[in-house]
Amino acid sequence: MSTGKFVRGMIDPERAAEIRALVPEKPLETKRDHIPFAKRGWRRLTEYEAVMLHAQPTTDAIPGSMDVGESVQKWPGGRPLFGVESTALLSSNWFNFRDPSKRWYYPYIKGKSEDGQTTERVMKSWADSGDYGMMNDAWRNQILGPVYGAFLYEEFGLFNANSSTVYTALSDLLRMWIAESGFDKDDAAQMIQTQRVLLGKIFPDFDESLGDAKKSWTEAAMWKPAREFVEHIWGEVYDWGEQLWAIHGVHDHIFGQFVRREFFQRLAGIHGDTLTPFIQTQALTYHQQAAEGVTALFGKMLINEEPIYSTHNRRYLRAWTNQYLPQTTAALKAFIGVYKDLPVKVDGITCRAGVQASVERVIDDWSRRFAEPLDLKFDRNAFVREVMSGY
Amino acid sequence: MASSNLAVKEALKANPVPSSVDPQEVHKWLQDFSWDFKAKGGKYPTKYNLDVNTREQFKLTAKEYARMESIKEERQYGTLLDGLDRLDAGNKVHPKWGEAMKVISNFLEVGEYAAIAGSALLWDAAQSPEQKNGYLAQVMDEVRHTNQTAYVNYYYGKHYYDPAGHTNMRQFRSVNPLYPGVRRAFGDGFLAGDAVESSINLQVVAEACFTNPLIVSLTEWAAANGDEITPTVYLSIETDELRHMANGYQTLVSVMTDPESFKYLQTDLDNAFWTQHKYLTPFVGFGLEYGSKYKVEPWVKSWNRWVYEDWAGIWLGRLQKFGIKSPKCLADAKKDAMWAHHDLALLAAALWPLTGIRMELPDEEAMNWFEANYPGWYDHYGKIYNEWKSLGFEDPKAGFCPLVWMMQNGHGIFIDHTSTLPFCPTLSKSASNPSFLEMNGKRFAFSEGHGERQWLQEPERYEFQNFFEQYEGWELSELVKAAGGVRSDGKTLLSQPHLRSTDMWTLEDLKRLNIVIPDPMKIMNWQPVH
Amino acid sequence: MTKNTNGYNSGTNAKSGQAFMDEFLGDATSKIPTSDAVVVALMKSEEIDAIIQEIVIPMREENPSIAIEDRGGYYWIKATGKLTFDCDEASEMLGKKYTVYDLLVNVSTTVGRAFTLGNKFIVTNELLGLESKVESVY
Amino acid sequence: MANWYNTETRDEWQDQINSLRSVSAGVECLQSFRADHTGPDRKTYDLKKEVTWIESRIEMRLGQLHSEELISDEDLLSKTIDGKCAKEVVGEWVKKAADIDCKIKMEGLCIAYRKACKPPMVPINYFAAGEKILISKLMRLRAIGALDQTVEELREMRGVTRLSVQ
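Which chain is which? The protein sequence lines are A, B, C and D, in order. Each residue of the first sequence is one higher than the one before, starting from 2 at the first, in my numbering. Each residue of the second sequence is one higher than the one before, starting from 29 at the first, in my numbering. Each residue of the third sequence is one higher than the one before, starting from 5 at the first, in my numbering. Each residue of the fourth sequence is one higher than the one before, starting from 144 at the first, in my numbering.
These are calculated hints, taken from the structure and not from any lab test. By construction, the Cβ of each residue, glycine as well, lies at the ideal position given by its N, Cα and C atoms. Please note that the accuracy of each hint is not assured.
[Stated by the list, open to error] Cβ pair distances, simulated, as ranges:
no.	chain 1	residue 1	chain 2	residue 2	range
1	B	N437	D	N149	31 to 39 Å
2	D	Y188	A	I309	29 to 37 Å
3	B	H408	D	N149	21 to 29 Å
[Stated by the list, open to error] Computed cross-link-like contacts, DSSO-like style, restricted to lysine-lysine with a CA-CA straight-line distance of at most 30 Å:
no.	chain 1	residue 1	chain 2	residue 2
4	C	K48	A	K111
5	B	K457	C	K35
6	C	K48	B	K323
7	D	K275	A	K225
8	B	K66	D	K227
9	C	K86	B	K353
10	B	K349	C	K48
11	B	K186	A	K40
So that you can see chain A by itself, here it is in the shape it has in the complex (with noise of 0.2 Å):
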């Protein structure tokens, strides 16, 4: 309740009355597109892109640019706040992003907020009813305690990663994008521990503390491979677009979506485990969200639309493949060996053919997605083949 004190230009008749005698009876002006200046990139602009596009200010030697001259201060040495050597990719309009997903700020928040308050109310269900009394006893100590524990570490690295991903994107929808990007995978980590904390309320035997969790991580044989990757990725690499693609775009799509879909999210529900699956369910749309927009920033914009430099990018893009799918394929088939320790075996899932089948999904998934539409070529049997020796 207010005072009343505060004389409001609005609600005070004097003042009322002195605002309206200054309105003309007709606008002054006709025209109430937003940055009509804008182009239009491949369609039409969401009201969102409108309000957002162009809201960098950025130097015009950034191609796309609407700013004139050169960014005011530097950093010691010169660097510019943005500027066209921090990718090896060439773009003629780096504004020419759009999202597919079409997230803005407060969809995408109300997402997250929604996908929050249905986990409360399903954590308390699972937990009220009993439905945790199905749990096998050794997928949670032996599996969700160092396993699922330890791929939080993968999540939070990536996360990470995209701290400078974040930092030197070349555009605004661009980096809006990314940032959302990157809070996922934070919010993948934390919602690994936020189960973790739950089971350490429900069942006495199982800690939730991360000791033995980063143990596995930093020191078994079955995560080097993907945290050798991480690490690299999040301590190593400046190139932006590089960091993209080897996360999102081959990493992530084939060994963070094996982990998450074929391993914990299809296997937790034959050792009993019904909310594993619903986490990890989080964490899928997650990816599929940046998978998409991963298409559309390397496939659609730099290579299929872009006139001057598809040539060029799609050299760099190949080049990144062929040098971190092998890293890929080292840290599927390092992983694979856990299935050794499963507590329950089902043929036609745990078995050689199953887990093949897993694997054959994986990688063909991403050739649909990814290899093909880009024409990069690698020997899928191959990798199928490779993989599978660690089984």
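Mind docking chains B, C and D on chain A? Use the hints.
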């Protein structure tokens, strides 16, 4: 009450509800989320070692952050799109203010946008996972704020009777001589440099100090002038800023406990304070006092409360016992708080065709208010405004141009090479100590010594083209037209020197002034001082 | 005019015109001061109006230094020492679930060190991390 | 592609850049452009309105020519544009900085590093890693005592000439 609650808490802790997980229960594990490896560490240059054990004060998880922000968004857009829409709020704003918001919100957007990347730089530099999580939330907040500040222009563009300028300021600002300054302080200053220096610029000075008057106090001026749109958005923006201020504070904590790091801090603090103050003090004061019909309180008093007594006193003052000292520029900053916005207002009026807004000179009532609160104002500024008015400042047929008047009366305008702000040495009442220098065959102008020091110490950071250099040789009406400064009738200017809907200036009127943009550092007879 | 030294227009700001200018620019104020106060701005809303009436105003009994000012869209509060907003208490008073993060929806700014502690929101003059630890209830 | 701002100078340079047909020609063009027109030690400020725009267009063209070369992926990603090991080249610059304890000398080295190595001369992953080390050192050397030097001392240190209007 407090003690009984504590008992409840303690009981809950001993016997936790097993079916739910509090966000803070998850947050307490964040410090264990990281691991050590050879290549770990920030990717960008820094002088500092950030402590891996630094904590974060708000203890948010991603999901709880999303829930909280989602409520903010629902309330804000609900108010705008339902309540204020039905009230026709866009047309209940005093035009003086509705025009000022064309520039204020757009310029603030520059800062919010740069802060996305600035927070990402800190997310990269921080070693403590809690800090990284806090900086990440700030990245998302800054995405939100860019949306919000832009949405104020977008909303005005849809609902206010003069959308021109609200819709296309992102293009026209390129020719506004005040724009490079906001790019420097709010843009580059937030992200182009040492992460800790950026943090001090962004979080410790711009956010903890200047957003209070810029975003909180400004809503009082808005409401007083009939604008309920801006308070709805800006007060909601500021609900995120306190976490950013805490982020900035923890950045300081994370380097203060390390003597090797601490020794670099005072230099960055002094530089960041001057960098931000140099732009924000005049810009905010100008926006509030000259962009309003109905006054709230003198800018210098707001400055005294928010900047000097509370920010300096509560933030820096308490840190003095840990070795933080007063910025050496503080006395000059206070003088600027009194006068710099009046200096800027005079130049903005002189440069009106390039501002993109309709502005009018202070009327008698405003002049009285200025004189009462800034004794000596009339003799210095008021007289000039009255002379300009009598010479036909508003009249498109009079052929009067204040820029020409200034040159004819020996009042040269230069651009300060560090802050990029225009200044007029002969008419300045703020902390002024102009100097003109030549190095490697190029001439540079500085309005005062603190900025000159910054340039002399790090010249390669300030290699840029100022307004005069960039547009030298352009005829004024050609420049305005090229940059989108004309309305949809193809002739009437976006910018106007009055608020009426009659006698509006056209391109032809501007062309008749026959102004070709000069570079004063080239055309004047500069000689070495011996 | 309030006599509270934390009042909105107390100290130098109680003066005006030349007297204000002389004090503001005087030598005595050319160095940073040290203040033990904290400031909170609460954006007006249903819940905040109730919290001001039922929680903040009664706090003055224990801490008379608390000053409250209506600034149009928000309430400005300044106090010496510390301000603690207990959201369990607010929840009981509002008759609905109201967590500390719900309160933060309408906390428009703070000056001082602000933090959450369980379901409490606290702004303190203490230097967290230097003079005291960042505590957690968990 | 271009926004509202364009000049004849830019058009002329764009034609010249488009006519670059080999990496070696591009490298020569970029190196001489950077030496003449960029940084506080540039030879001339004649192109100051256009400098970052022209430099970026040369860089983009040169990057394109580089990726068209018949070199291995490994060489594309890890060698300098003239075929040297990027890691070693950057290592040499870092080694040069090791004994410098003068901020002016360090500043000179950092500016020279940028002119010589900024992509596409050296791939960003190597260039930026080197820049991190060099600039961190420069910033440390600069920060100590920075507030104690008077403006007059700084002017002398820079060798600037004071001007006034006659």
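Is the distance from the Cβ of D/Y188 to the Cβ of A/I309 consistent with 29 to 37 Å? This hint holds: roughly 30 Å between Cβ atoms.
Assess, step by step, whether the Cα of B/K457 is no farther than 30 Å from the Cα of C/K35, and give holds or violated. holds (22 Å)
So if I understand the rule, the pair passes when the alpha-carbon distance is 30 Å or less; does B/K349 with C/K48 pass? Violated, because 37 Å separates the two Cα atoms, which is more than 30 Å.
Within a Cα-Cα threshold of 30 Å, do D/K275 and A/K225 meet the stated pairing? holds (28 Å)
Check whether the Cα positions of C/K48 and B/K323 lie no farther apart than 30 Å. holds (21 Å)
Straight-line alpha-carbon gap C/K48 to A/K111, limit 30 Å: holds (23 Å)
B/K186 and A/K40: Cα distance at most 30 Å? The given pair, whose Cα atoms are some 20 Å apart, holds under the 30 Å limit.
Please verify whether C/K86 and B/K353 have alpha carbons no more than 30 Å apart. Distance ~24 Å between C/K86 and B/K353 Cα, so the pair holds.
Can you let me know if the beta-carbon spacing of B/H408 and D/N149 is within 21 to 29 Å? violated (42 Å)
Range hint 31 to 39 Å: satisfied by the CB atoms of B/N437 and D/N149? holds (36 Å)
So if I understand the rule, the pair passes when the alpha-carbon distance is 30 Å or less; does B/K66 with D/K227 pass? holds (25 Å)
Hint compliance for this structure: hints 3, 10 are broken, all remaining hints hold.
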